[in-house]
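> Starting from the known structure of chain A, fit chain B onto it as the hints suggest.
Residue strings, one per chain:
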Amino acid sequence: NAGVTQTPKFQVLKTGQSMTLQCAQDMNHEYMSWYRQDPGMGLRLIHYSVGAGITDQGEVPNGYNVSRSTTEDFPLRLLSAAPSQTSVYFCASSYGGGGLGYEQYFGPGTRLTVT
Amino acid sequence: EDKVVQSPLSLVVHEGDTVTLNCSYEVTNFRSLLWYKQEKKAPTFLFMLTSSGIEKKSGRLSSILDKKELFSILNITATQTGDSAVYLCAVGGGATNKLIFGTGTLLAVQP
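Protein sequence lines, in the order shown, are assigned to chains A and B. Heads up: the first sequence at position 108 corresponds to 108 in the working numbering, and the numbers run straight through without jumps. Heads up: the second sequence at position 12 corresponds to 1012 in the working numbering, and the numbers run straight through without jumps.
Pulled out of the complex, with its shape left as it was, chain A reads as follows (with noise of 0.2 Å):
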């Protein structure tokens, strides 16, 4: 098993272009998240998503947008990058919901960097 994978690795974008973070899983994960990193405030959540088809918002949801057309994939798409969004972006993967004490499986992480 790959696990979680998320490509790229690194990335750097000018201010108002737009992109998309890949996410993909191997373990017919139902539940999949996405999360971002910055110093001090720990992991926040931005959108996830139940089951192929339904997605929702997590606390930081401006500015990204998701949707989940198969159960393995689940990409982050930036619409207008903002220096805001600088930050190191983790897809997680479970069997059911994070809330629910279901382990998480963390991808390597995207750093992306906004000029």
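It should be emphasised that the hints constitute simulated quantities derived from the structure, not laboratory data. Incorrect hints may have been included.
[To be verified] Listed below are several chain A residues computed to face chain B (Cβ distance under 8 Å; list not exhaustive):
id, residue
1, 40
2, 41
3, 42
4, 43
5, 97
Computed from a predicted model, the values in this text were never measured in an experiment. Every residue gets a Cβ at the ideal spot worked out from N, C-alpha and C, and that includes glycine.
Below, chain B without anything else, positioned relative to chain A:
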């Protein structure tokens, strides 16, 4: 507002020392408390706690939950340089059953 607070923010110890990391929470509809270890990459799972007073152990690491006083501790005995990492506490629950993370404790173990 649901919140998870970890202390201390950072800690420097020498190899062989024992450390205790703290996690307190105020989360409605508590479901579980999880500990993760994060080295330079993604967080990796350590423990999940759901019941008060039952210690979970894995080698030199152990953790316990007190649901009455709303906190958990993570103990590491005979620390090694490989224990250097950020330790994250997360609580499952809240109004929308999500994981709420603390900001983490940065542990540095010196030789």
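> Check the structure against each numbered hint from earlier and tell me which ones fail, lowest number first.
none
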